[in-house]
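Trainee: Line order of the protein sequences matches chains A and F.
Counted from 1, the first sequence has number 70 at position 70 by the numbering used here; the numbering is strictly sequential.
Count along the second sequence starting at 1, add 1000, and that's the number in the numbering used here.
Wrong hints could be hidden among the right ones.
[Claimed, not checked] The list that follows gives simulated cross-link-like pairs (lysine-lysine, DSS-like), each with its CA atoms no further than 30 Å apart:
{"hint": "1", "chain 1": "F", "residue 1": "Lys1302", "chain 2": "A", "residue 2": "Lys180"}
{"hint": "2", "chain 1": "A", "residue 1": "Lys159", "chain 2": "F", "residue 2": "Lys1142"}
{"hint": "3", "chain 1": "A", "residue 1": "Lys312", "chain 2": "F", "residue 2": "Lys1302"}
{"hint": "4", "chain 1": "F", "residue 1": "Lys1142", "chain 2": "A", "residue 2": "Lys276"}
{"hint": "5", "chain 1": "A", "residue 1": "Lys13", "chain 2": "A", "residue 2": "Lys191"}
{"hint": "6", "chain 1": "F", "residue 1": "Lys1302", "chain 2": "A", "residue 2": "Lys80"}
[Stated by the list, open to error] Cβ-Cβ distance ranges computed for the label pairs, FRET-style:
{"hint": "7", "chain 1": "F", "residue 1": "Ala1363", "chain 2": "A", "residue 2": "Ser71", "range": "38 to 46 Å"}
{"hint": "8", "chain 1": "A", "residue 1": "Glu82", "chain 2": "F", "residue 2": "Glu1055", "range": "26 to 34 Å"}
{"hint": "9", "chain 1": "A", "residue 1": "Glu83", "chain 2": "F", "residue 2": "Asp1154", "range": "53 to 61 Å"}
{"hint": "10", "chain 1": "A", "residue 1": "Asn139", "chain 2": "F", "residue 2": "Asp1270", "range": "18 to 26 Å"}
{"hint": "11", "chain 1": "F", "residue 1": "Thr1246", "chain 2": "A", "residue 2": "Asn139", "range": "41 to 49 Å"}
{"hint": "12", "chain 1": "F", "residue 1": "Lys1271", "chain 2": "A", "residue 2": "Gly76", "range": "38 to 46 Å"}
{"hint": "13", "chain 1": "F", "residue 1": "Lys1319", "chain 2": "A", "residue 2": "Glu391", "range": "22 to 30 Å"}
{"hint": "14", "chain 1": "A", "residue 1": "Glu82", "chain 2": "F", "residue 2": "Thr1246", "range": "27 to 35 Å"}
It should be emphasised that the hints constitute simulated quantities derived from the structure, not laboratory data.
Here the structure is a predicted model, which is why all the values come from computation and not from measurement.
Just so you know, even glycine gets a beta-carbon here, dropped at the ideal spot from N, CA and C.
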Amino acid sequence: MAEPQEKKDNRIKSVKRMKEIMTNYYIEAKTAAQNNKKVAWITSGGPVEPLLVMDVIPVYPENHGAMVGASKMGVGLCEKAEEMGYCRDLCSYARSDIAAAPINGGPIGGLPKPDFLVCCNNICGTVLKWYEVQARYFNVPLFIFDTPFCHSEMTQEAKDYVGAQILEYIAFLEEQCGKKFDYDKAIEVGKLSIAGQRLWQAVLDTAMHKPAPMSAFDAFFHLALIVTLRGTQIVVDYYTELLNEMKERIANGISAIPNEQYRLLWDNLPVWYKTKWLSDTFAAHNACLVADTYTTAWCRQLDYLDENDFLKSMVEGYTAIYLNISVDQMAKAVIGMIDKYDVDGLVMHSNRSCKPYSLGQYDIQRIVQKERGIPSLIIEADMVDERNFSEAQVLTRIEAFMEIIKSKK
Amino acid sequence: MDILKKFEISDPYEYVAHLKKATGKRVLAYMCSYTPEEIIYAAGIHPFRIFGQVEAISKADAHLQAYSCSLVRGALEDALQGRLSFVDGAVFPHTCDSIQRLSDIWRLNAGMKHHFDVVWAVKLHTDSARKYMYDVLVRFAKELKQSFGITLSDDTLQKAIATYNEIRSLLKTIWQLKSDNKSALTGSQMNAVIKAAMILDRDQVVSNLKELIPSIQLPPQTEKRKRIMLIGGICNHPDIYDYIETSGGVVVWDDLCTGSRYFEGAIATDKEPLRAIADRYYERNICPAKYRDYYTRAETIKTMIKTHNVQGAIFLYLKFCDPHSFDYPYLKEALDEVGVPSILLELEQQLPSEGQMKTRLEAFIDMI
Chain A
1 MAEPQEKKDN RIKSVKRMKE IMTNYYIEAK TAAQNNKKVA WITSGGPVEP
51 LLVMDVIPVY PENHGAMVGA SKMGVGLCEK AEEMGYCRDL CSYARSDIAA
101 APINGGPIGG LPKPDFLVCC NNICGTVLKW YEVQARYFNV PLFIFDTPFC
151 HSEMTQEAKD YVGAQILEYI AFLEEQCGKK FDYDKAIEVG KLSIAGQRLW
201 QAVLDTAMHK PAPMSAFDAF FHLALIVTLR GTQIVVDYYT ELLNEMKERI
251 ANGISAIPNE QYRLLWDNLP VWYKTKWLSD TFAAHNACLV ADTYTTAWCR
301 QLDYLDENDF LKSMVEGYTA IYLNISVDQM AKAVIGMIDK YDVDGLVMHS
351 NRSCKPYSLG QYDIQRIVQK ERGIPSLIIE ADMVDERNFS EAQVLTRIEA
401 FMEIIKSKK
Chain F
1001 MDILKKFEIS DPYEYVAHLK KATGKRVLAY MCSYTPEEII YAAGIHPFRI
1051 FGQVEAISKA DAHLQAYSCS LVRGALEDAL QGRLSFVDGA VFPHTCDSIQ
1101 RLSDIWRLNA GMKHHFDVVW AVKLHTDSAR KYMYDVLVRF AKELKQSFGI
1151 TLSDDTLQKA IATYNEIRSL LKTIWQLKSD NKSALTGSQM NAVIKAAMIL
1201 DRDQVVSNLK ELIPSIQLPP QTEKRKRIML IGGICNHPDI YDYIETSGGV
1251 VVWDDLCTGS RYFEGAIATD KEPLRAIADR YYERNICPAK YRDYYTRAET
1301 IKTMIKTHNV QGAIFLYLKF CDPHSFDYPY LKEALDEVGV PSILLELEQQ
1351 LPSEGQMKTR LEAFIDMI
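Okay, chain A solo, but in the shape it has when bound (with noise of 0.2 Å):
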């Protein structure tokens, strides 16, 4: 274990900010009706921009998830959503959220109601049984953003489908909103969201340093703004203060944690109830998390996303995302991040709540071994139902896993 003293310093200072723009945006959101603003419930993988030209809040269930699986509180609403008949093999983030709404239960005392939800099924199929579950309850509009599956291309049909629902996305959010699309707003809110997905790359671009300035449990912290406040001037200048910060943190050789000896990649959706002691654990053995595939997933559609034309560019930026596609590209972009860190083994969450990313692992994990010859290891648990997880388990693979590592390097 890091010496306690020696930890405290390696704080990144951000945080605190992180934390205010994090309660300002929860307090704006909770209060937008008494505002006569208009909350929209959307997925994490979404169309964010145009509500934001429609002056509507976006609130993210998905975020509400990873902040009720990180406050311990998710074994609790997971059994109450059982107790409504919710199956325990279902998403722990769902069932969490479902849960929740009628009680206000969770770390925020429930999220704020919405006046409309936009479901993408770009993520998964889940959330499209999700939405039609809180549509249901609270007994407004659902919008869905079907974003057909890429198992090699994006074919030419499937970009005019997508094309056609930008447009019935516009009319739909006209007609929520009693108000017209303003395209010149979002020229604006179009460029800031490319911007900050810029930052949010460079920021992480920034464990490729050695040692790493930050660790992927840096980033499942801060990623929270590049998902609910995408397309704002905050996340642009709160990502520049990060990676401001963190270039400071090279240059007077703070690293994530202190005696970086072994460079491990992340694979999945945070353990949110464990991410400390996961951090810890592999710490202990000098091993640092240096990058991850789930918070990049937030800048990959930059390949796509054109400045100059962004409401179009969002056909493929919203549908070619990385789990929208198949196995064998996503053991490609793997493979790029193993190269680009530099690192010395993956770590995989076999998340029993999330099929699209679990599912395929196992063939993922063959085609590394094959491509780059590095030791992988799979932890099995889930991202917010504690339940699923055995600490004595997976210390006892990790241990296992280490060794590998350290007799390879």
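With chain A held as given, fit chain F onto it using these hints.
Mentor: Showing chain F alone in chain A's frame:
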């Protein structure tokens, strides 16, 4: 009823392998009722549905976590064990998250010559989705033609439409006879019939069904057993019907993809064939992995309950089936509202012991 023997297939794989040998036809496997079989059939290729047969999973465990459903794991196991070596390829319509990933894993590991993804729309209530469905079908037809070096004329497509309309209409007649208490078939026999309709040579299916119907028709019977409806995905457990029947119930209708979702909805014969086929998949009763609006399924099921005087419903779910499980609380509530009691049976490939199943079903049916 000797004719029933024609629907009893002890080993579907052996049957299809034999059919291939005897006719020289190529064969394509599929797992979902959203597979546009009509086009495959029109192309002179034999489509057949796989249900995942192997009970002990070993090879598939190297590719799929234990929290995948038994259908997905069982089908992959069959493929990896070489039990599908006679198959020319597989067709994966977009369904749920598990099947979507299975498609990738299958393509990478099953070693089949051909692989098709039919990435349908998920929301089925807009003009753009309707158009996209048609475009997807045009692409599938094109890929099929290119892969197998064949042609597809409007005439052969129209003939396929006629064949499928006939199969679906005959199956519906069989279900309706049961609902009207005019059928000599047991539930498990009906289950065997519809599964055979997805495996046997389709021309044979038409003639078999035509031969079957007159032989099962009875004058209206007095039926004292409770009228039950099944709701779920596939039912590959004929024993369930027997348990229900010996417990004092009788299955009179269902919302299953090995049931009414498969046969409801005829294909229009006065349109361009591909458009007509696409429209049927766009319009048919949805499975929970698709979206029409968030009340559609309950309304459809309530209509079925009324039409068929259903007294009790059994939710028959595969364990780890997310789309169905999400719909359960809401559908149960909808049934409660119309005073229809229900029970949820969550199944894996192997049923729990007969005693256990019977006890639960008897208690449920007694309560109705």
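Trainee: Each hint needs a verdict: does it hold in this structure or not?
Mentor: So, going through the hints one by one against the coordinates:
1. Only pairs whose Cα atoms come within 30 Å are accepted, and F:Lys1302 paired with A:Lys180 is rejected, the gap being roughly 40 Å.
2. About 18 Å separates the Cα atoms of A:Lys159 and F:Lys1142, which keeps this hinted pair within 30 Å; it holds.
3. At most 30 Å may separate the alpha-carbon atoms for a hinted pair to count; A:Lys312 and F:Lys1302 exceed this at roughly 42 Å.
4. The straight-line distance between the Cα atoms of F:Lys1142 and A:Lys276 is roughly 53 Å, outside the 30 Å bound, and the hint therefore fails.
5. Between A:Lys13 and A:Lys191 the CA atoms are separated by roughly 27 Å; this keeps the pair inside 30 Å, and the hint holds.
6. The hinted pair formed by F:Lys1302 and A:Lys80 meets the criterion: a straight-line CA distance of about 28 Å does not exceed 30 Å.
7. One distance hint, 38 to 46 Å for the beta-carbon pair F:Ala1363 and A:Ser71, holds here, with the actual separation near 41 Å.
8. Roughly 29 Å separates the CB atoms of A:Glu82 and F:Glu1055, a value that falls within the hinted 26 to 34 Å.
9. One distance hint, 53 to 61 Å for the beta-carbon pair A:Glu83 and F:Asp1154, holds here, with the actual separation near 56 Å.
10. Taken as a hint, the range 18 to 26 Å is violated for the pair A:Asn139 and F:Asp1270, whose Cβ atoms sit roughly 40 Å apart.
11. For the hinted restraint 41 to 49 Å between F:Thr1246 and A:Asn139, the CB-CB distance of approximately 43 Å keeps it satisfied.
12. Roughly 54 Å separates the CB atoms of F:Lys1271 and A:Gly76, a value that falls outside the hinted 38 to 46 Å.
13. For the pair F:Lys1319 and A:Glu391, the supplied restraint of 22 to 30 Å holds, since their beta-carbon distance comes to about 26 Å.
14. In this structure the hint that A:Glu82 and F:Thr1246 lie 27 to 35 Å apart at CB holds, the actual value being about 32 Å.
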